[in-house]
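Spelled out, the chains give:
There are 2 protein chains.
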Amino acid sequence: MTVIENMGKKAKDASRVLATAGAIKNKALNAVADALIDNTDKIVKANDIDLENGKAAGLTPSLLDRLKLGSDRIKSMAEGVRKVALINDPVGTVVSGYTTDNGMEITKVKVPLGVIGIIYEARPNVTADAAALCLKAGNAVILRGGKEAINSNKAIAEIMRTAVESAGLPIDSIQLIEDTSRQSSVELMNLSDYLDVLIPRGGAGLIRAVVEQAKVPVIETGVGNCHVYVDESADIQMAADIIYNAKTSRPSVCNAIETILVHKNIAEKALPAIKKELDKKNVEIRGCDRTREILGDSVTPATDDDYETEFLDYILACKVVDSIDGAIAHIAKYSSGHSECIVTKDYNSANKFTSSVDSAAVYVNASTRFTDGGEFGLGAEIGISTQKLHARGPMGVNELTSTKFIIKGSGQVRN
Amino acid sequence: MTVIENMGKKAKDASRVLATAGAIKNKALNAVADALIDNTDKIVKANDIDLENGKAAGLTPSLLDRLKLGSDRIKSMAEGVRKVALINDPVGTVVSGYTTDNGMEITKVKVPLGVIGIIYEARPNVTADAAALCLKAGNAVILRGGKEAINSNKAIAEIMRTAVESAGLPIDSIQLIEDTSRQSSVELMNLSDYLDVLIPRGGAGLIRAVVEQAKVPVIETGVGNCHVYVDESADIQMAADIIYNAKTSRPSVCNAIETILVHKNIAEKALPAIKKELDKKNVEIRGCDRTREILGDSVTPATDDDYETEFLDYILACKVVDSIDGAIAHIAKYSSGHSECIVTKDYNSANKFTSSVDSAAVYVNASTRFTDGGEFGLGAEIGISTQKLHARGPMGVNELTSTKFIIKGSGQVRN
Numbered sequence: 000m001t002v003i004e005n006m007g008k009k010a011k012d013a014s015r016v017l018a019t020a021g022a023i024k025n026k027a028l029n030a031v032a033d034a035l036i037d038n039t040d041k042i043v044k045a046n047d048i049d050l051e052n053g054k055a056a057g058l059t060p061s062l063l064d065r066l067k068l069g070s071d072r073i074k075s076m077a078e079g080v081r082k083v084a085l086i087n088d089p090v091g092t093v094v095s096g097y098t099t100d101n102g103m104e105i106t107k108v109k110v111p112l113g114v115i116g117i118i119y120e121a122r123p124n125v126t127a128d129a130a131a132l133c134l135k136a137g138n139a140v141i142l143r144g145g146k147e148a149i150n151s152n153k154a155i156a157e158i159m160r161t162a163v164e165s166a167g168l169p170i171d172s173i174q175l176i177e178d179t180s181r182q183s184s185v186e187l188m189n190l191s192d193y194l195d196v197l198i199p200r201g202g203a204g205l206i207r208a209v210v211e212q213a214k215v216p217v218i219e220t221g222v223g224n225c226h227v228y229v230d231e232s233a234d235i236q237m238a239a240d241i242i243y244n245a246k247t248s249r250p251s252v253c254n255a256i257e258t259i260l261v262h263k264n265i266a267e268k269a270l271p272a273i274k275k276e277l278d279k280k281n282v283e284i285r286g287c288d289r290t291r292e293i294l295g296d297s298v299t300p301a302t303d304d305d306y307e308t309e310f311l312d313y314i315l316a317c318k319v320v321d322s323i324d325g326a327i328a329h330i331a332k333y334s335s336g337h338s339e340c341i342v343t344k345d346y347n348s349a350n351k352f353t354s355s356v357d358s359a360a361v362y363v364n365a366s367t368r369f370t371d372g373g374e375f376g377l378g379a380e381i382g383i384s385t386q387k388l389h390a391r392g393p394m395g396v397n398e399l400t401s402t403k404f405i406i407k408g409s410g411q412v413r414n
Numbered sequence: 000m001t002v003i004e005n006m007g008k009k010a011k012d013a014s015r016v017l018a019t020a021g022a023i024k025n026k027a028l029n030a031v032a033d034a035l036i037d038n039t040d041k042i043v044k045a046n047d048i049d050l051e052n053g054k055a056a057g058l059t060p061s062l063l064d065r066l067k068l069g070s071d072r073i074k075s076m077a078e079g080v081r082k083v084a085l086i087n088d089p090v091g092t093v094v095s096g097y098t099t100d101n102g103m104e105i106t107k108v109k110v111p112l113g114v115i116g117i118i119y120e121a122r123p124n125v126t127a128d129a130a131a132l133c134l135k136a137g138n139a140v141i142l143r144g145g146k147e148a149i150n151s152n153k154a155i156a157e158i159m160r161t162a163v164e165s166a167g168l169p170i171d172s173i174q175l176i177e178d179t180s181r182q183s184s185v186e187l188m189n190l191s192d193y194l195d196v197l198i199p200r201g202g203a204g205l206i207r208a209v210v211e212q213a214k215v216p217v218i219e220t221g222v223g224n225c226h227v228y229v230d231e232s233a234d235i236q237m238a239a240d241i242i243y244n245a246k247t248s249r250p251s252v253c254n255a256i257e258t259i260l261v262h263k264n265i266a267e268k269a270l271p272a273i274k275k276e277l278d279k280k281n282v283e284i285r286g287c288d289r290t291r292e293i294l295g296d297s298v299t300p301a302t303d304d305d306y307e308t309e310f311l312d313y314i315l316a317c318k319v320v321d322s323i324d325g326a327i328a329h330i331a332k333y334s335s336g337h338s339e340c341i342v343t344k345d346y347n348s349a350n351k352f353t354s355s356v357d358s359a360a361v362y363v364n365a366s367t368r369f370t371d372g373g374e375f376g377l378g379a380e381i382g383i384s385t386q387k388l389h390a391r392g393p394m395g396v397n398e399l400t401s402t403k404f405i406i407k408g409s410g411q412v413r414n
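Residue numbers (numbering that gives the first Met the number 0), protein chains in the order written: chain A, 0 to 414; chain B, 0 to 414.
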């Protein structure tokens, strides 16, 4: 049995205890929050080693910033865990129920998924966030973070494990894989005897690798090639405001937009107004021929690649379309199925767009930046699913559960 | 582009039409039912070829029987399709909804999964059943049946396609892969650009192969290593009746039981009563040492392999356990997570078993044979999921849907 198989086995055993742990889970979460605060110095010291290693390895300032854990960030990490304790426990919720003709009472109830694996990259706060959400829903978790944050992750995981145990739950409810070689991720992806689901959190490359290689069920998260379509009847200033917000309020996240589509009958008026907003943050526009006719040569020509790219930067592709159908077809071809928006005053266009666009979140007259567990009222978020199976869009504790049927009879047999 | 990729593309295009097809789907289903009846002769002729080929290939009488389609079976196939038309359409159902503090109306609504692949074995009636359920939930389907039934499947699929088109839906809403080589299944398992989910229906070997090889999301179905636990406080005759029913009413199906676990304090009285029932159908019992002490040498010794095996036959493994915890631990170790039952009169034992046993269906005092979409009131069933992601237990049309968030705003942007 390898180290990781052994972790799988221990996680499965812990998950059986967690499945019926009830309110002890909240006691454990609050103990974790206390312990994170109490051990701030320890975490900061471990984090300092990661930061030094990161500088030596030439990480960019923005990556170093994501890696850094000061006492403020540790405090907000602990507050996040406390908030998870306050969410309603989904386990035991009756989803549906009825009595059959022969008198059996059937109920379908929510149960934990069991053992969840999380593969993630540089941000060490994911260690606490993800573990807390998994625990809340009664799951054991095996974390496999990036090598850049390994010392921070080890410190956080150790503190959480001790706190969970002190609250009376199995110490192996939370485990961290300390080996950050490629081999350890591959082993986790193949751990089908123990893992009920694997959730990758990170860039497109990581997610694709996991989806292609994993033999365990995976929930695909996060890649967002998002669009705003400006309909013929749009309020132009509203369109410009939404596009400006969706592109520039935080370009590096998955719910930021990458391409706008503009109806030909409004393009001449709308494009200059949109450009005026985008110019405030020096957004580079890459446009189709018709866009360039209107906005001039400061707009570089857009290629097919541009329409496929999640820029995650101050770059926006732009295409003039002949109709709402053209916009819907473009989205069907290029979107990653995350979030799309129509800006319109027309009732029929709004309905057509929301029913025909096949993405996790479809907006009328609001910024795609709202696609987020917190904004959608889920309390906290383990990730944003861009697949259709099991969960779609922002996933909270409810999405970390399965169901089972409980059938209470009095001796019934089947004919 | 290969033949199967091209089918994927056509299915995706068809799925976009089906997503908003509404009641036309029912018109199409009724047209399919009519066409199946009208073309009975054609189906029977095609089926005769399969039967002749099957005899020549040395198929067993029971396999030949599963393959055979007389006019009665075709009629019941058509009736099955008509029943699917009568089920409520899940598409558009609002799962939840609320208004955010900033005035956005968020609703989570059911939408089709998109394109579903089904890989199945010898029974040609699956072609009609599965296609009807997928269509009802607004999905395009790509069917890949076994080579034994290929002529029957081709006839049925062609009839369905024509009928669906006559009702005004895309002919490629239903497609059958005519190439029954291994290569065609492998291609389908890798069709990640087009397939939203792949559902294998068949024996353990097929399901394992699909789970291990597929790069698209899979719903694992059907393998049932099911248990009955006879608690210390059980009504002995009820236990014997349930065991007899769950083992012998149809041993070849996944909800039949394979092992019984008997509390040591009731074993001496219960085992002879259980054996008396099982002897009516000459069920072979393979028991642990304590079982053999009570029932004698007619019981062969059980091995670890026996506890792992889905016999699908008149064979039953038996183990005497020291406590309900022993029963729960045995089930945790050997069960495939399908259906388990406790026979008990004790309130606490019933609750402990239903909360601690981690299977899709957990029974108190009723036969596991009820785990079935029809019996559970789902109308019809595409399969029984033994995984925890997306769907668990019998799956009907609701389990062939996903959700999306629709957000209606009035210009909201995110701070």
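Just so you know, the hints here were simulated from the structure itself, not pulled from any lab data. Quick caveat: nothing in here was measured; it's all calculated off a predicted structure. Take these hints with a grain of salt, some might be off.
Some, not all, of what chain B presents toward chain A, calculated at C-beta under 10 Å [to be verified]:
no.	residue
1	A18
2	L62
3	I149
4	E177
5	R181
6	P216
7	N264
8	I265
9	K279
10	V282
11	L311
12	V361
13	V363
14	F404
15	I405
16	S409
Covered by chain B, according to a simulated footprint, are these stretches of chain A (three or more residues, beta-carbon under 8 Å) [stated by the list, open to error]:
no.	stretch
17	26 to 38
18	203 to 210
19	272 to 280
20	354 to 368
21	375 to 388
Note that CB positions come from ideal geometry on N, CA and C, so glycine has one too.
Checklist line | Given hint V361 of chain B near chain A, where the shortest CB pair must fall under 10 Å | finding: holds (5 Å)
Check: Should the hint that L62 of chain B touches chain A count as held when the rule is a Cβ pair under 10 Å?
Finding: Nearest chain A Cβ about 24 Å off; hint violated.
Check: Holds or violated: is the Cβ of S409 of chain B closer than 10 Å to a Cβ in chain A?
Finding: holds (6 Å)
Next item on the list: Using Cβ atoms only, decide whether V282 of chain B comes closer than 10 Å to chain A, and label the hint accordingly.
Entry: violated (15 Å)
Checklist line | Interface hint compliance - E177 of chain B to chain A, C-beta minimum distance less than 10 Å | finding: This hint is violated: E177 of chain B lies away from chain A, its Cβ roughly 27 Å from the closest one there, beyond 10 Å.
Item checked: Given coverage of the stretch 203 to 210 of chain A by chain B, tested with a Cβ cutoff of 8 Å and a minimum of 3 residues -> With 1 residues in contact (Cβ-Cβ under 8 Å with chain B), the coverage given for the stretch 203 to 210 of chain A is violated.
Check: With a cut-off of 10 Å, does the beta carbon of F404 of chain B approach a beta carbon of chain A closely enough for the hint to hold?
Finding: OK, holds: F404 of chain B within 10 Å of chain A, min 4 Å.
Note to self: Checking hints one by one. Is I405 of chain B an interface residue toward chain A, by the C-beta closer than 10 Å rule?
What the structure shows: Result: holds, 5 Å to nearest chain A Cβ.
Check: Taking a Cβ-Cβ distance under 8 Å as contact, does the stretch 272 to 280 of chain A have three or more residues in contact with chain B?
Finding: Violated, because only 0 residues of the stretch 272 to 280 of chain A bring their Cβ atoms closer than 8 Å to Cβ atoms of chain B.
Note to self: Closer than 8 Å Cβ to Cβ for three or more residues is the test here. Does the stretch 375 to 388 of chain A pass it with chain B?
What the structure shows: holds (count 5)
Item checked: Restraint satisfaction for L311 of chain B [CB to CB of chain A, less than 10 Å] -> It is violated, given that the least Cβ distance between L311 of chain B and chain A is near 17 Å, above 10 Å.
Note to self: Would the hint on I265 of chain B be counted as holding, given a Cβ-Cβ threshold of 10 Å to chain A?
What the structure shows: Check failed: Cβ of I265 of chain B comes no nearer than 16 Å to chain A, outside 10 Å.
Checked against the numbered hints given earlier, this structure breaks hints 2, 3, 4, 5, 7, 8, 9, 10, 11, 17, 18, 19; the rest are met.
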